[in-house]
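Novice: Residues per chain are reported as follows:
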Amino acid sequence: MSRYRLDPQPGEVIDRSREVGFTWNGKRFVGYQGDTIASALAANGVRVLSRSFKYHRPRAMLTASYHDPNAMVQVGDDPNVRGAHHLVEEGMTVTSQNTWPSLAFDVKTANRIVGRFLSPGFYYKTFISPRWLWPWYQKVLSRFVAGGSVTLNHQPAKFDHRYAHADVLVAGGGPSGMAAAIAAADAGASVILAEEEHQIGGHLRWGDTQARDDLNELRIGILTRSNIEVMTNAVVAGRYDHNWVSIVQRSMDHVEERLVQVRAKTLVVAAGTLERPYVFEGNDLPGVMLSTAARRLICLYGIRPGNRAVVLTANGSGDAVVADLKRAGIEIVRTLDARKGETVVAASGGKGVKQVIDSSGATHSADLLVTATGWTTPTSLLNMAGDRPVYNKRAARYLPSTLPDNVMATGGMVGDGTTQDLIGHGSAAGAEAARRAAGEPPSGIPDLLIEEHLELYRSTTHGFVDFSEDVSSQDLVSAATEGYDTMELAKRYTTVGMGPVQGKIEAVNAVAVHGEAIGASLLETSTTTWRPPYAPIRLGTLAGRKYEPTRYSAMQPWHEANDATPLLAGQWVRPDHYGDPAAEVNTVREGVGIIDVSPLGKIDLRGADVSKLLEFVYVNRWSKLDVGKVRYGVMCGEDGVIIDDGVTGRFGPDHYLMTTTSGGAGGVWNWLDDWLQTGFPEWDVKMTAVTDGWASINVAGPRSRDLVSRLTDIDLRPDSFGYMEVRTGTVDGFSNCFIWRIGFTGELSYEIHVPANHGLEVWEALLAEGADLGVKAFGVEAQRIMRLEKGHFIVGQDTDGLTQGHGVGVDWAIKIDKDDFAGKPELVFQAESGDYPRLVAIQTEDPGIVPLEASQIIDGDANLVGRITSSRMSPTMNRSICLGQVEPNHATPGQALSIRLPNGSTVQAHVMEHHAHFDPEGTRVRV
Amino acid sequence: MLLISCPHCGQRNSNEFTFNGEVVTRPGPDPDPASWRRYLYMKTNAAGWQEERWFHVSGCRRFLMIERNQDTNEIRMVRDYGDRR
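Chains A and B supply the protein sequences, listed in that same order. Residue 923 in our numbering is what sits at position 902 of the first sequence, and the numbering runs on without skipping anything. Residue 51 in our numbering is what sits at position 44 of the second sequence, and the numbering runs on without skipping anything.
What the hints contain is simulated information worked out from the structure, not anything from laboratory work. Warning: the hint list may mix true and false statements.
Unchecked claim - Reference excerpt, derived from the structure (chain B facing chain A, CB under 8 Å, subset only):
(1) 8
(2) 9
(3) 10
(4) 38
(5) 43
(6) 47
(7) 64
(8) 70
(9) 88
(10) 89
Yeah, the Cβ is synthetic: ideal placement off N, Cα and C, and Gly gets one too.
Assemble the whole structure, with the sequences as input and the hints as a guide.
Specialist: The following block contains the structure:
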């Protein structure tokens with residue numbers, strides 16, 4: 022056993038029978054199962070764990086807990102791991118952070134020589150000029166940035182989300198929290214007890230025999246109650262509206278971290294207290310630590326924190342640490358009792374404490390200085406619940422003031438007392454929490470007594486207030502002198518409380534020093550606001566696993582078997598192409614092709630008033646649509662902006678089917694529901710979303726009629742089934758199918774809709790039956806090229822969030838003589854003003870140049886007059902073709918335009934007469 | 008995450024709903040631009056109680072009228088839009 026490891030301690034949490042090997046900065050060490058990284062290092066004589074943020078001073082454990090500002094380490098490719106909390110594991114690779122070139126010899130310690138202390142705003146003030154040097158400053162300063170290193174090829178890890186429900190959620194597993202959980206469970210509540218540390222028990226874990234017996238009794242009480250779920254190493258990170266509480270559960274089997282979101286009927290905050298550091302010269306030297314840190318090291322991990330100790334005590338914890346240190350065989354050089362007016366003035370040493378000067382002027386030789394000056398209440402969760410905790414002079418800490426009925430506080434958060442007092446208050450709080458969870462009217466519980474504590478914040482010297490940001494009490498005084506006279510301002514100027522510890526252990530000292538500097542007491546001093554999360558959450562934890570569904574059509578097996586390149590379109594995965602989109606275009610233009618258009622949104626509408634609904638949501642007219650006809654419609658929002666388009670067919674007097682864009686299906690469905698439920702509830706319209714019910718195949722090309730006629734009983738002759746008509750019948754032997762004749766590609770085409778479970782068979786039948794016609798499948802890219810050749814716009818591609826109805830050249834469809842329809846007033850205003858961008862077809866003079874989509878269109882004076890919204894090389898015309906939005910005075914046919922290319926050059930172009938580059942008369946769809 | 012008592016589905020998290028803004032009255036036919044744009048854009052955004060439109064999109068797909076306090080997020084009334092008072 023190393024000379025740093027004590028004999029087995031009665032309450033220790035390490036398993037000495039299981040050794041754990043790990044490396045620290047490349048050197049191999051051995052710890053025990055249950056050790057934290059920092060305690061395992063301490064057992065090997067490693068004291069300095071990091072270099073400080075600004076001055077690169079050597080730092081060692083201060084709190085020996087999750088919130089230790091000095092124990093941030095890198096584990097493998099994980100930066101900023103809390104070394105005094107994270108358990109050591111076999112094979113772990115641990116390295117120090119913020120050290121260059123090494124932890125032992127850090128050249129950046131020169132920072133100390135330069136300024137002794139960098140004043141607040143040093144970087145802003147120093148590097149503001151000359152400006153031209155900034156790139157160089159940035160390069161050098163970036164080497165000084167704190168934190169670990171991020172690797173780009175890290176190992177993927179699993180993160181999880183869980184939703185939980187609890188009548189009573191207890192945050193904190195100390196004596197009060199445990200008692201609250203037991204009492205709430207006994208009152209019939211379902212309880213979750215979340216504890217930030219690795220074991221429940223709180224400070225009882227490092228207490229005396231009696232404390233450990235009390236802990237055992239409580240632990241058994243919890244484990245024997247089946248309606249208590251205990252989560253350890255799980256921190257309650259936030260409390261949101263209506264008691265929505267997030268818990269970050271760490272280091273689980275197979276999952277790095279899990280975000281548990283709990284709707285708690287009552288939240289009991291039993292977060293206890295955090296020990297407060299004391300501000301004096303040299304208070305950051307390795308070997309200066311809090312009494313709870315020394316007690317944790319000795320009692321939980323069997324670590325000898327030093328050899329010769331000076332103890333500053335103002336309370337029972339300081340008195341107890343003296344006993345612990347003696348038991349561990351550490352020489353007590355001097356005990357300074359703050360209650361008798363004794364205090365520490367300064368500590369000095371190089372890489373650790375060597376000498377301590379007390380308030381009598383005496384100098385003591387010691388390598389350990391333990392301080393027990395008081396407590397801070399971690400009130401974050403209470404603040405998040407709307408409370409504004411108030412500073413209590415007697416308690417020398419903030420205590421809750423007013424809490425909502427569904428949040429309660431117990432334990433050190435609200436007062437003091439013996440273990441039995443804390444258990445008693447916790448029990449009362451737990452029982453009351455269960456009552457409130459059951460819907461009973463709230464009643465009060467007896468207060469916990471408040472003992473007198475000293476207001477000990479700073480000695481007569483200056484020292485560090487914020488260890489993670491290297492902010493000293495002198496900095497806070499300077500900031501006040503410079504006029505930063507509220508805490509919120511001083512915080513932003515000095516960055517106090519903005520480091521990884523986020524103010525938890527240093528905020529009260531900061532407020533006290535700031536108050537001292539502006540001549541105000543803590544009661545009068547403004548405080549900062551505590552916001553979620555209480556503890557850091559990894560981005561992976563927030564992301565969790567992907568639960569978004571992926572949608573495939575019935576024909577997906579064929580697409581996969583035929584090497585379709587997938588395209589993610591919203592939730593849908595669609596075939597982008599099957600190898601050569603240009604060849605697919607030629608197949609359709611010359612013969613026949615088929616495309617899977619199943620993601621097309623489909624809404625079945627039935628009832629006497631469907632035509633009224635269509636009249637209202639579309640800009641065009643619907644009252645005269647005969648049965649058996651389909652019509653194209655444009656849909657605008659109330660602001661006149663185009664939200665969707667598509668064709669709707671009439672199957673019977675009171676039966677229509679609306680199609681929407683694939684991406685717009687959900688939004689249109691909601692939009693129609695909105696009007697039907699809130700605008701026109703008296704209308705007789707029954708609406709059903711049937712997108713997934715139909716597999717849809719567009720058969721396009723001059724030979725499409727030949728092909729489709731081989732599979733259907735529907736008469737396809739042009740005089741009986743014209744363009745923009747719909748027929749129902751049998752396809753490939755399956756009845757109740759329907760076909761409509763439309764022409765998005767610009768070719769004769771039949772869109773076949775069959776019940777989804779027959780989609781794959783019909784698809785394969787079309788390919789088999791049409792083999793002699795040369796039928797081939799085509800993908801979304803070929804369809805996009807063909808629609809661009811035809812000048813058909815795509816909502817969201819050629820339109821944007823400001824494109825109102827008239828902007829896309831569908832003035833013929835907009836019937837402003839209709840009584841009313843969604844967005845009508847805006848379209849009236851738009852037509853009156855005439856001042857809006859126009860969508861036009863554009864061709865470059867050089868047919869070989871295809872400007873990228875979103876390229877800028879400029880006039881002769883290089884003014885921006887528009888942008889390219891769609892562009893492709895047309896296989897049909899063998900030239901570049903575009904759609905673009907241009908200012909109204911640049912929209913007339915023949916208008917010359919310049920398009921700026923990515924390399925800075927421009928290509929000349931002009932506005933076309935028609936949107937369609939190909940077959941503007943539309944003769945090919947009407948054959 | 009608010010907890011909303013849907014009259015059809017019971018207590019549900021607010022992420023099952025879409026928030027569709029405060030209740031506004033649509034002007035009659037042929038409005039002038041000022042009144043139309045007041046309807047579109049000029050919301051009261053009360054610091055206190057307001058009537059709002061919510062849509063239970065991942066539940067019963069009903070539009071609900073909710074009285075919510077914007078200071079406290081307290082909800083005191085939820086009813087289906089179709090149920091006239």
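Novice: Next, verify each hint and record whether it holds.
Specialist: Evaluation of the provided hints:
With 8 Å as the threshold, the beta carbon of residue 8/B comes within range of chain A, its nearest partner Cβ sitting at about 4 Å, so the hint holds. The criterion of a C-beta within 8 Å of any C-beta in chain A is met by residue 9/B, whose closest approach is roughly 5 Å, and the hint holds. About 4 Å separates the beta-carbon of residue 10/B from the nearest beta-carbon of chain A, less than 8 Å, and the hint is met. A hinted interface residue such as residue 38/B counts as satisfied when its beta carbon comes closer than 8 Å to some beta carbon of chain A; here the least separation is about 5 Å, so the hint holds.
Hint on residue 43/B holds. Least Cβ distance to chain A is approximately 5 Å, under the 8 Å limit. For residue 47/B, the interface hint holds, the least distance from its beta-carbon to any beta-carbon of chain A being 6 Å, beneath 8 Å. With a cut of 8 Å, the hint placing residue 64/B at the interface with chain A holds, because the nearest CB-to-CB distance is about 6 Å. Interface hint status for residue 70/B: upheld, as the beta-carbon distance to the closest one in chain A is roughly 4 Å, under 8 Å.
A least Cβ separation of about 5 Å between residue 88/B and chain A falls short of the 8 Å threshold, and the interface hint therefore holds. A least Cβ separation of about 5 Å between residue 89/B and chain A falls short of the 8 Å threshold, and the interface hint therefore holds.
Hint violations for this structure: none, all hints satisfied.
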